[in-house]
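Colleague: So you can see what is in the structure, the chains are spelled out below.
2 protein chains.
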Amino acid sequence: MSLLVVGSVAFDALETPFGKVERTIGGAATYFSVAASYFTHVNLVGVVGDDFTEHDAAIFRGRRIDVSGLERAAGKTFFWAGRYGADPNERVTLATELNVLATFRPKLPEAYRSAKHVFLANIDPTLQRLVLEQIKGKPRMVALDTMNYWIEKTPAELREILAHTQILMINDAETRMLSNEHNLLRAARHIFKLGPKALIIKRGEYGAMMVHNAGVFAVPAFPLEEVHDPTGAGDSFAGGFMGYLANASRMDDAVMRRAMVYGSVMGSFAVERFGLERIRHLTRREIDARARHFYKLTHFRL
Amino acid sequence: MSLLVVGSVAFDALETPFGKVERTIGGAATYFSVAASYFTHVNLVGVVGDDFTEHDAAIFRGRRIDVSGLERAAGKTFFWAGRYGADPNERVTLATELNVLATFRPKLPEAYRSAKHVFLANIDPTLQRLVLEQIKGKPRMVALDTMNYWIEKTPAELREILAHTQILMINDAETRMLSNEHNLLRAARHIFKLGPKALIIKRGEYGAMMVHNAGVFAVPAFPLEEVHDPTGAGDSFAGGFMGYLANASRMDDAVMRRAMVYGSVMGSFAVERFGLERIRHLTRREIDARARHFYKLTHFRL
Numbered sequence: 055m056s057l058l059v060v061g062s063v064a065f066d067a068l069e070t071p072f073g074k075v076e077r078t079i080g081g082a083a084t085y086f087s088v089a090a091s092y093f094t095h096v097n098l099v100g101v102v103g104d105d106f107t108e109h110d111a112a113i114f115r116g117r118r119i120d121v122s123g124l125e126r127a128a129g130k131t132f133f134w135a136g137r138y139g140a141d142p143n144e145r146v147t148l149a150t151e152l153n154v155l156a157t158f159r160p161k162l163p164e165a166y167r168s169a170k171h172v173f174l175a176n177i178d179p180t181l182q183r184l185v186l187e188q189i190k191g192k193p194r195m196v197a198l199d200t201m202n203y204w205i206e207k208t209p210a211e212l213r214e215i216l217a218h219t220q221i222l223m224i225n226d227a228e229t230r231m232l233s234n235e236h237n238l239l240r241a242a243r244h245i246f247k248l249g250p251k252a253l254i255i256k257r258g259e260y261g262a263m264m265v266h267n268a269g270v271f272a273v274p275a276f277p278l279e280e281v282h283d284p285t286g287a288g289d290s291f292a293g294g295f296m297g298y299l300a301n302a303s304r305m306d307d308a309v310m311r312r313a314m315v316y317g318s319v320m321g322s323f324a325v326e327r328f329g330l331e332r333i334r335h336l337t338r339r340e341i342d343a344r345a346r347h348f349y350k351l352t353h354f355r356l
Numbered sequence: 055m056s057l058l059v060v061g062s063v064a065f066d067a068l069e070t071p072f073g074k075v076e077r078t079i080g081g082a083a084t085y086f087s088v089a090a091s092y093f094t095h096v097n098l099v100g101v102v103g104d105d106f107t108e109h110d111a112a113i114f115r116g117r118r119i120d121v122s123g124l125e126r127a128a129g130k131t132f133f134w135a136g137r138y139g140a141d142p143n144e145r146v147t148l149a150t151e152l153n154v155l156a157t158f159r160p161k162l163p164e165a166y167r168s169a170k171h172v173f174l175a176n177i178d179p180t181l182q183r184l185v186l187e188q189i190k191g192k193p194r195m196v197a198l199d200t201m202n203y204w205i206e207k208t209p210a211e212l213r214e215i216l217a218h219t220q221i222l223m224i225n226d227a228e229t230r231m232l233s234n235e236h237n238l239l240r241a242a243r244h245i246f247k248l249g250p251k252a253l254i255i256k257r258g259e260y261g262a263m264m265v266h267n268a269g270v271f272a273v274p275a276f277p278l279e280e281v282h283d284p285t286g287a288g289d290s291f292a293g294g295f296m297g298y299l300a301n302a303s304r305m306d307d308a309v310m311r312r313a314m315v316y317g318s319v320m321g322s323f324a325v326e327r328f329g330l331e332r333i334r335h336l337t338r339r340e341i342d343a344r345a346r347h348f349y350k351l352t353h354f355r356l
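Those sequence lines, one after another, are chains W and E.
Mapping the first sequence onto our numbering, position 300 (from 1) lands on 354, and the numbers just tick up by one.
Mapping the second sequence onto our numbering, position 2 (from 1) lands on 56, and the numbers just tick up by one.
Treat the hints as calculated values from the structure; they're not laboratory data.
Computed from a prediction, not measured in an experiment: that's the story for all the values here.
Treat the hints with care, as some may be off.
Which copy is meant is left open, because identical chains are indistinguishable; a pair holds if it fits in one copy or across any two.
Unchecked claim - Under the rule of at most 20 Å between Cα atoms (straight-line distance), these lysine to aspartate or glutamate pairs were calculated in the EDC-like manner:
hint, residue 1, residue 2
1, Lys161, Asp307
2, Lys350, Glu340
3, Lys161, Glu151
4, Lys190, Asp342
5, Lys350, Asp306
6, Lys350, Glu69
7, Lys251, Glu279
8, Lys247, Glu279
Bound conformation, chain W alone (with noise of 0.2 Å):
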């Protein structure tokens, strides 16, 4: 079944221990939609500027990722820049320009209505809401990615939305910020009351947890010797997770942990090189490959 993303198409400029990038392809929406291609058709809700030219437009092309909903606007492309350091999970940013993206109001082309899979990524919630809101019927699945900046500037937002979500995807310090709890479990239990029925935790270089009434799953990150580039580790991992929960037939616990699992497999992937070099040239055979590594790492017999 297909799956409705909404969020930033981007230029990224990238600074890590391993090189420098001045202008690559970013934006949550993008690397969500080329993780989740690998397992399911993706209907792409965005929007990029007059810079946006048709050699850029070719990271979707050839994939399952449907870009009739990516909106072109006169004006510049949104704008990221940071740096890493030699802890992966530390980043700065250097700059932020919303550009297009400022007066952004997405609307959502027929075809795309009927979703039964949605993932709201990390936009101002007043966005994700007027998505949701132009959907048909009641979505099988709303997975929401947020961060500190809106959980601030505008909790009532947030809040409103996440009453509408089921997934709440974000990662430790987001997770702690919203529910002002260090003790994750005691965070899960408090974000619960919002609406969310399940938390996904990503921890960068420590993985991804899952509370859910079933209980809860832990998965390490794969370890690598060199991680290039962790921009858009997290939206990869949610692409991965989306796209395989939006292909399988049940919705279970134990196809949830799969879920997490192939999200881990996709975000290990994106952190391999700079930008979406590494994750717009895979096969699904080295998808499973790395799966098998997954369960290579963590298994265990009593």
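Position chain E against the provided structure of chain W, taking the given hints into account.
Modeller: Chain E alone, transformed into the frame defined by chain W:
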């Protein structure tokens, strides 16, 4: 097969968000012995002062712990005071008084010298070496813990003892300091050149990771709603790990993985109450039940 440990027996003063104790029995060798005694027989080498009463020694009685190697010296027992914040991975040391540990020279009782499994807890590498020199023949397994202080102050002595160590069991900060590498896989390769065949990295609330020639194994920490006192978690982990190994007939990858799980089990119990309160009152049935919880926490099928 019996297990030898050398390390500190201490009085601790502890402060955490859940409370405060002025004086409780602690020390690496204490936590290690109590944890390991659920799996195997332990011979304890250490020193206490004349302030260590029969009442204090009750912690060792009724367990498979031999204390004929626990010397009693004139003076005060080693004292450590520490404080933890909401993040249990962050510890502030308030006081370290070596007392009788300052002049301690370990002497192994004759019956201890045929030890096949040895754990050199975090202590002066010169003392670790003194213990190893008194052992007859080649032990099946020597594991070692150390800390930033010895890595910085006694690098030559530490290298000397590492050359005789099969398993190094330290935390991530120590791994990075010892190897001068942020990435843990590259750090492991560096450390293997110093002697150890396996590196076990303790990551507190993020769990533990083992790197050896059979690959990498990662186990998350057990999710707890309340971490009352993180003191001794790493030593209890080591006790569960070494206790399980000492009792196993083989020492292959599958056994090492189970040992990692039992180590994690003991570490998770240790932090549930102050000091030794929780791990002194366990049953093997509770331990095995938590091991099955770890299975549930991490298990997935592809």
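Colleague: None of the hints should be skipped; say for each whether it holds.
Modeller: How the hints compare with the structure:
Taking identical chains as interchangeable, the C-alpha atoms of Lys161 and Asp307 are never at most 20 Å apart, the minima being 34 Å within one chain and 55 Å between chains. Taking CA atoms no more than 20 Å apart as the test, Lys350 paired with Glu340 passes inside one copy only; the shortest distance there is 15 Å, against 27 Å between copies. Proximity of Lys161 and Glu151 under a CA criterion of 20 Å is satisfied in neither setting, with 22 Å inside one chain copy and 68 Å between copies. Taking the closest pair of Cα atoms, Lys190 and Asp342 never come within 20 Å of each other, the shortest separation being 34 Å inside a single copy and 50 Å across copies.
Only between protomers do Lys350 and Asp306 lie at most 20 Å apart by alpha-carbon distance; the minimum there is 15 Å, versus 23 Å within a single protomer. For the identical chains of this complex, Lys350 and Glu69 are neighbours neither inside a copy (32 Å) nor across copies (39 Å), given an alpha-carbon limit of 20 Å. With identical chains, the CA atoms of Lys251 and Glu279 are at most 20 Å apart between copies only, with a shortest distance of 18 Å across copies and 35 Å within one. For a Cα distance limit of 20 Å, the shortest separation of Lys247 from Glu279 across copies, 17 Å, qualifies, whereas the shortest one inside one copy, 40 Å, does not.
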